[in-house]
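Sequential numbering of the sequence shown, starting at 5, is according to my numbering.
Source of the hints: derived by calculation from the structure; they are not laboratory data. Heads up, the beta-carbon is just placed ideally off N, CA and C, and yes, glycines get one too. Do not rely on the hints blindly, as some may be mistaken.
To be verified - Quick list of simulated restraints, FRET-style, between CB atoms:
(1) A49 x R514: 35 to 43 Å
(2) E122 x G534: 22 to 30 Å
(3) R177 x R125: 46 to 54 Å
(4) S397 x A47: 36 to 44 Å
(5) E410 x G140: 54 to 62 Å
(6) A284 x E256: 34 to 42 Å
(7) P138 x D476: 47 to 55 Å
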Amino acid sequence: MRRILIASLLAVAAPMAIFAHDVPTSAETSTPVPTEQLLQPPAGAAHYVVVSEAGKHGDQWRWELPDGRTAYRWSQELRGWITEMDQVTNFAPDGTIQALEVRGVTMSGDAAEVYRVENGRASWRTANDSGEAPAGGWYIPAGGVGIANAPLVEALARAGETGIDFLPGGRGRMTFGPTLTIQGSRGPKTVQLAFVRGMTPSPVPVWLDENRTYFAEVSYISTMPEGYEGALRQMRDAQEAATAAEVRLVAERFLTPGARAPVLFDNVQLFDADRGVFLADRAVLAQDGRIAAIGAAGSIQAPAGARVIDGRGKTLVPGIWDSHMHIGSDWDVLANMATGMTSFRSPGTTFDRAVDATRRRAAGELLMGEPFISVIVDRRDPLAAQGAEVVTSVDEAMAVVRRIREAGLWGVKFYTSMDPSWIAPAAAEAHRLGLHVHGHVPAGMKPSEAVAAGYDELTHLNFVVMESMPADVIDRANTRQRMEGPARLFRDVDLDGPLMSGFIADLARRGTIVDPTIVIFESMLTQDGGRPHPAYAPYMGIISPVLERSVFTSGGYPLVEGYTRDDYRQSYAKMVELVGRLHRAGVPIVAGTDGFGLELIRELEIYEQAGFTPAEALQSATILPARIVGADGRTGSIAIGKEADMVLVDGDPSRELGALRRVVTVVSDGYVMDGDALRQAAGFSGRPR
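Whole structure, please, built from the sequences with the hints as guidance.
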């Protein structure tokens, strides 16, 4: 599971690791300390850069104050979102945190956080939560400056397998991986990969120097010592290779010849995705990786050596699709399989990751659903998408499109900094090569114009909403305006007026697909913080105390001055209504999350609120995405001759879509896997509620 930032289009496609996270907060109850009042790093402060392969995004510094405390500073801009914060930490004689204070603003709002130990009690307070506990254990901040967690990394390195207790909860330990020699401005360095285990479901990678002190973190956005950012690719490749070797052992446990033996599901309720109906008392036989027979309960004879699973009280559905799931680490895709995700669309994966992950899946070395992958194309710009193929002309854009096709990938995703005049020729080239075209709508371009220029699909519901926004929102390239404009203004938009009703009709006429990811807007626009988000409430207590505090109960998007959370909630309610209108008009809707993947069933529940039947909602995560990628002839529904991609869930999704979270058995390409065993391998401690 890769995301520790907001699981949304706010965050990068595969956000920073645990030691560089923000905490979303509610701007209704707190006001950030202004940037000019924050500490400024002195000359000689240790300097780190925040980078991705698209370029530099920010800086972090560390230095000592005259009174012996350690100070940190973070300054960053990410596609229009600003992070300006400082942190001061006082360490106790045993090296643990005695007190800390965080001030400033992150892209999620007020960064304020305080922690202290007094008279044997530890207490903490953020804009979202507060608490206390007996002193003892290392405090894990809800936010703060990323490199301020270096002392924890070093304490874990010293403790090794013994581990360290955390506050507010949990326990972690460190294991060590390979060493690597890299080059930088201060000469060659020998660095070692290590993994923190127990903090999140999957191991968190971090890099140490030759003294086993903190050196760097490498992810989709990385924190590197200044002068060594040139080693990013080398370190990332080594990190991914070490992770792949470990996860390969997990894949070998599940993808065995015995797991592909015939299996008979009897006495199940069956979801017929092709017809959109639930059928009671059915039997389904899978053999040699395909659906061999379907009949009435008790009517199919199990062949010799077959496994028979009694499905009373359970429902057999096609393998679930997330239509907006960026490929994360190998651990991430394992967790997705544990939730029943046997196929997905990844709308933005780098060439090397796409080719490597697909190859290893085909070789049985990676337990991952079948991916259909797009590559992001954006203009070279300070606001360009991280991980994008950046271009400076229409000819370069078309050349990248051809590279995508040559790599055997599925689509091209254009982004917000693209020159609008480049879209039509680049989309035409993509269509000539048989590629799908989707994405964010570039600044200065309305979504109706993007569709007319060749978009097959609009990604994220706010890019449908943008049709109704004023020019000062449409003409901004940064993603921040693409969130704040709809949050502020959409509540007052008349969906029955000629602008939006005409646009909806045009989308239906063209067959333009919409990938709403509305679950992220529920999270950002409706939540005050302190209580579990609806998407995550079923997973509280089985994933990670750190995630629960930093993400699962986080506050919503910070409020623009003059607006309230209720204003945002009204805009969100209008978004739900818009999804219903699109559906009723016949616009194809596919379910995606742009998050962990845990949010997918909540996405379907919101569709039901918008007016979908449970069957229609489930089709948006089964047969419809299969049709869109052209795979419906072999998967996406349970039909004789199709691949055996199925999920057995506990309960009746026709009455309660939440039953889809209660995965009992996963069948992927004919391999039968126990849901509990998959969850355990992915780091979950139990079943979701």
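Checklist entry - Do the Cβ positions of E410 and G140 conform to the proposed distance bound of 54 to 62 Å? => result holds, 57 Å
Checklist entry - Has the hinted range 47 to 55 Å been met by the Cβ atoms of P138 and D476? => result holds, 53 Å
Next on the checklist: For the hint 36 to 44 Å, verify it against the beta carbon of S397 and that of A47.
Outcome noted: holds, 41 Å
Item to check | Outcome for the supplied range 22 to 30 Å, where the beta carbon pair is E122 and G534 | outcome: holds, 24 Å
Next on the checklist: Holds or violated: the 34 to 42 Å window for the beta-carbon distance between A284 and E256?
Outcome noted: With a Cβ separation near 38 Å, A284 and E256 satisfy 34 to 42 Å, so the hint holds.
Checklist entry - Between A49 and R514, is the Cβ distance one that fits in 35 to 43 Å? => result Given range 35 to 43 Å: violated, Cβ gap about 55 Å.
Checklist entry - Does the Cβ-Cβ separation between R177 and R125 fall within 46 to 54 Å? => result Since R177 and R125 have Cβ atoms about 26 Å apart, the given range 46 to 54 Å is violated.
In summary, the numbered hints that this structure violates are 1 and 3.
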